[in-house]
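Asker: Below are the chains, spelled out letter by letter.
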Amino acid sequence: AAGVIQSPRHLIKEKRETATLKCYPIPRHDTVYWYQQGPGQDPQFLISFYEKMQSDKGSIPDRFSAQQFSDYHSELNMSSLELGDSALYFCASSTRRGSNQPQHFGDGTRLSIL
Amino acid sequence: KQEVTQIPAALSVPEGENLVLNCSFTDSAIYNLQWFRQDPGKGLTSLLLIQSSQREQTSGRLNASLDKSSGRSTLYIAASQPGDSATYLCAALSGGGADGLTFGKGTHLIIQP
Numbered sequence: 095a096a097g098v099i100q101s102p103r104h105l106i107k108e109k110r111e112t113a114t115l116k117c118y119p120i121p122r123h124d125t126v127y128w129y130q131q132g133p134g135q136d137p138q139f140l141i142s143f144y145e146k147m148q149s150d151k152g153s154i155p156d157r158f159s160a161q162q163f164s165d166y167h168s169e170l171n172m173s174s175l176e177l178g179d180s181a182l183y184f185c186a187s188s189t190r191r192g193s194n195q196p197q198h199f200g201d202g203t204r205l206s207i208l
Numbered sequence: 018k019q020e021v022t023q024i025p026a027a028l029s030v031p032e033g034e035n036l037v038l039n040c041s042f043t044d045s046a047i048y049n050l051q052w053f054r055q056d057p058g059k060g061l062t063s064l065l066l067i068q069s070s071q072r073e074q075t076s077g078r079l080n081a082s083l084d085k086s087s088g089r090s091t092l093y094i095a096a097s098q099p100g101d102s103a104t105y106l107c108a109a110l111s112g113g114g115a116d117g118l119t120f121g122k123g124t125h126l127i128i129q130p
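Chain order of the listed sequences is A and B. Using my numbering, read the first sequence as starting at 95 and increasing by one per residue. Using my numbering, read the second sequence as starting at 18 and increasing by one per residue.
It is possible that some hints are incorrect.
[What the hints assert, rightly or not] Computed Cβ-Cβ distance ranges for the label pairs, DEER-style:
1. A/G134 to B/N80: 20 to 30 angstroms
2. A/S180 to B/G112: 27 to 37 angstroms
3. A/P102 to B/S76: 31 to 41 angstroms
4. B/S45 to A/P121: 27 to 37 angstroms
5. B/G77 to A/T114: 33 to 43 angstroms
6. A/A96 to B/A27: 30 to 40 angstroms
7. B/Q68 to A/K109: 37 to 47 angstroms
8. B/Q129 to A/H104: 29 to 39 angstroms
9. A/S153 to B/G58: 19 to 29 angstroms
10. A/G134 to B/S45: 25 to 35 angstroms
11. B/Q71 to A/E108: 28 to 38 angstroms
12. A/S206 to B/A26: 19 to 29 angstroms
13. A/S206 to B/D56: 18 to 28 angstroms
14. B/S70 to A/Q135: 28 to 38 angstroms
It should be emphasised that the hints constitute simulated quantities derived from the structure, not laboratory data. Heads up, the beta-carbon is just placed ideally off N, CA and C, and yes, glycines get one too.
All chains should be modelled from the sequences, with the hints used to inform the complete structure.
Answerer: Next comes the structure, spelled out in structure tokens:
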């Protein structure tokens, strides 16, 4: 079965640079979620989109922005990167936001800030 | 604000044993609760989802229960195998239109061959 696809798998950046992470949800999933998992930490919710509109916002820094496109893929844009942004970034998708459907996670993008 | 706690933080048992992982949450007004498995450096694999109106869900050797009134969920693993070794996370989805899951810090499980 098709899963959530994230790219790139690994990304190395320097402080103050920008980064763009991409997420391709499972086909026919209309809701996308972004999470950040720091080293040894549990995943923290950043932001979500339903039918291309932002639907909920968590602990996403102002330096980050995201959007969902017409084909339902999503991109997380990160600017002025800091050492503390080094983490595993997960994208998840589900059908029909608000329904009792599980969130399915991708393998994540590991972002390292030098 | 929802807080999710998992006990124990780590567990090591011999192969073949049945075991129980515990998860507690502070706000009982959850929409659903989801159990995940995470292998080192990998993504989260969804194991079971229990809706707030349900008491338990089963998948193969896994059984998850939910007691909203006491703010607790358990994941029961029967006849454990070395391949079950991983970190298990529970996550609550709060009601009120929230989208983001609130995760516990996980239980790191090792099954000894």
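Asker: If a hint holds in the structure, say so; if it does not, say that too.
Answerer: Hint check:
no., hint, verdict
1, A/G134 to B/N80: 20 to 30 angstroms, "holds (29 angstroms)"
2, A/S180 to B/G112: 27 to 37 angstroms, "holds (33 angstroms)"
3, A/P102 to B/S76: 31 to 41 angstroms, "holds (32 angstroms)"
4, B/S45 to A/P121: 27 to 37 angstroms, "holds (35 angstroms)"
5, B/G77 to A/T114: 33 to 43 angstroms, "holds (39 angstroms)"
6, A/A96 to B/A27: 30 to 40 angstroms, "holds (34 angstroms)"
7, B/Q68 to A/K109: 37 to 47 angstroms, "holds (44 angstroms)"
8, B/Q129 to A/H104: 29 to 39 angstroms, "holds (32 angstroms)"
9, A/S153 to B/G58: 19 to 29 angstroms, "holds (23 angstroms)"
10, A/G134 to B/S45: 25 to 35 angstroms, "holds (28 angstroms)"
11, B/Q71 to A/E108: 28 to 38 angstroms, "violated (48 angstroms)"
12, A/S206 to B/A26: 19 to 29 angstroms, "holds (26 angstroms)"
13, A/S206 to B/D56: 18 to 28 angstroms, "holds (20 angstroms)"
14, B/S70 to A/Q135: 28 to 38 angstroms, "holds (31 angstroms)"
Comparing the model with each numbered hint stated earlier shows that hint 11 is the single one that does not hold.
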